[in-house]
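Please build the complete structure, drawing on both the sequences and the hints.
Number of protein chains: 2
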Amino acid sequence: MLYCIGLGLADERDITIKGLDIVKKAKKVYLEAYTSILMVQREQLEEFYGREVIIADRELVESDSDVILQDAVSNDIAFLVVGDPFGATTHLDLLLRAKELHVPVKTIHNASIMNAVGACGLQLYNFGQTVSMVFFTDTWKPSSFYDKIKENVNNKLHTLILLDIKVKEQSEENLIKGRKIYDPPRYMTVAQCASQMLLVENTRHEGGRASANKSQSLQ
Amino acid sequence: MLYCIGLGLADERDITIKGLDIVKKAKKVYLEAYTSILMVQREQLEEFYGREVIIADRELVESDSDVILQDAVSNDIAFLVVGDPFGATTHLDLLLRAKELHVPVKTIHNASIMNAVGACGLQLYNFGQTVSMVFFTDTWKPSSFYDKIKENVNNKLHTLILLDIKVKEQSEENLIKGRKIYDPPRYMTVAQCASQMLLVENTRHEGGRASANKSQSLQ
Chain V
1 MLYCIGLGLA
11 DERDITIKGL
21 DIVKKAKKVY
31 LEAYTSILMV
41 QREQLEEFYG
51 REVIIADREL
61 VESDSDVILQ
71 DAVSNDIAFL
81 VVGDPFGATT
91 HLDLLLRAKE
101 LHVPVKTIHN
111 ASIMNAVGAC
121 GLQLYNFGQT
131 VSMVFFTDTW
141 KPSSFYDKIK
151 ENVNNKLHTL
161 ILLDIKVKEQ
171 SEENLIKGRK
181 IYDPPRYMTV
191 AQCASQMLLV
201 ENTRHEGGRA
211 SANKSQSLQ
Chain U
1 MLYCIGLGLA
11 DERDITIKGL
21 DIVKKAKKVY
31 LEAYTSILMV
41 QREQLEEFYG
51 REVIIADREL
61 VESDSDVILQ
71 DAVSNDIAFL
81 VVGDPFGATT
91 HLDLLLRAKE
101 LHVPVKTIHN
111 ASIMNAVGAC
121 GLQLYNFGQT
131 VSMVFFTDTW
141 KPSSFYDKIK
151 ENVNNKLHTL
161 ILLDIKVKEQ
171 SEENLIKGRK
181 IYDPPRYMTV
191 AQCASQMLLV
201 ENTRHEGGRA
211 SANKSQSLQ
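Chains V and U, in that order, give the protein sequences. Residue numbers for the first sequence follow UniProt numbering, so the first one is 1 and each next one is one higher. Residue numbers for the second sequence follow UniProt numbering, so the first one is 1 and each next one is one higher.
A couple of the hints might just be wrong.
Any copy will do: because identical chains look the same in the list, a pair fits if it lies in one copy or spans two.
To be verified - In silico lysine to any residue, SDA-like type, Cα no more than 20 angstroms apart, as pairs:
id	residue 1	residue 2
1	Lys-150	Ser-195
2	Lys-156	Ile-22
3	Lys-27	Met-1
4	Lys-141	Tyr-182
5	Lys-156	Tyr-146
6	Lys-99	Asn-202
7	Lys-25	Gln-170
8	Lys-148	Gln-123
9	Lys-25	Leu-92
10	Lys-27	Thr-89
11	Lys-25	Gly-50
Simulated from the structure, these hints should not be mistaken for laboratory data.
This is the structure we're talking about:
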């Protein structure tokens with residue numbers, strides 16, 4: 001059985017009782033750690049669980065996941081995910097591959113930013129579509145987020161913006177030359193996100209109520 | 001300190017380690033139990049926690065919450081909520097009153113249907129605004145849900161529909177006569193929700209892509 005276990009959002013004590021029981025008994029414990037940030041180090045999880053935690057980076061999850069899945073055919077394998085297992089497409093992909101291989105899967109839900117954002121005081125049912133903000137580069141400044149936020153504003157809905165994370169990424173040069181050298185991890189700040197939003201706003205100069213409201217929300 | 005603790009969605013073992021530690025040590029443990037359904041009885045929670053659990057019904061939370069809050073000025077009080085504490089307006093109201101009374105509050109997040117709905121395979125970031133469906137009566141058939149779903153469909157977004165719950169409700173007659181006699185609890189089924197949707201669809205007869213898509217999603 002493959003157990004996909006949500007860890008919640010802060011530290012090692014945000015796991016559920018149900019999740020912890022499985023972690024303690026599983027043959028192997030993997031931690032997916034490149035789509036979100038947990039606020040504690042792996043060592044702290046290991047100490048609390050009393051178990052070795054294997055970091056499942058992008059390579060392992062996206063290329064070598066069959067190793068995990070084959071193991072789960074006849075053993076209990078715990079796959080830990082920051083937040084909730086269904087917060088990111090990556091995990092859904094793993095679940096679909098498990099289904100193809102007839103590996104049984106069980107999910108242990110937990111809080112994700114998609115519901116914990118309610119802590120800011122805005123009502124969850126007044127949120128529209130969630131958008132992602134990627135790191136702009138010199139040549140790549142995708143602005144599709146702008147239209148989605150504008151649509152939400154026009155419908156009087158809030159927008160949750162998920163900020164980009166780059167962990168274990170290769171530079172273009174290293175990728176081409178096949179060198180397994182990785183850039184230092186980067187996590188987008190709110191200020192970076194806001195400046196990218198303003199950049200697009202200044203390019204588009206879209207007037208009217210929608211952009212006026214949006215500017216207010218940036219202040 | 002008032003601790004608002006999410007219980008997650010299924011049973012007594014979906015509470016987090018952090019939440020359980022507080023429950024075990026708190027002076028009093030309340031359970032809000034009229035906006036959602038937990039899949040287990042109070043007795044099962046009590047046995048697992050080793051604590052008495054006081055049911056906080058609508059009356060207690062909305063009218064007599066000052067008792068809870070005054071107690072929390074100098075004691076640790078646990079207020080348990082099915083799902084996540086920020087899933088429903090009711091709890092936010094309690095938090096605002098706590099703030100007014102200068103009672104410190106801490107929230108322990110957990111899964112709610114707002115993120116666990118990802119388990120159905122649809123991507124969370126492709127959901128638009130969440131809507132509520134209330135029980136229709138002979139004289140009250142609010143159809144504002146229709147426009148919101150239509151808006152989501154037009155924007156190619158999924159819709160999460162929250163179904164009505166009536167727990168400890170008085171009939172109009174009992175309410176007027178001040179008799180504290182309560183109707184049996186009612187929980188809307190998916191079939192009931194679908195039939196109310198079809199009723200409004202048949203009244204409105206709004207053609208085009210939007211309603212065509214919506215009908216498909218009902219099949």
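Next item on the list: Sort out which numbered hints this structure fails and list those numbers smallest first.
Entry: Of the numbered hints given earlier, those the structure breaks are 2, 4, 6, 7, 9, 10, listed in rising order.
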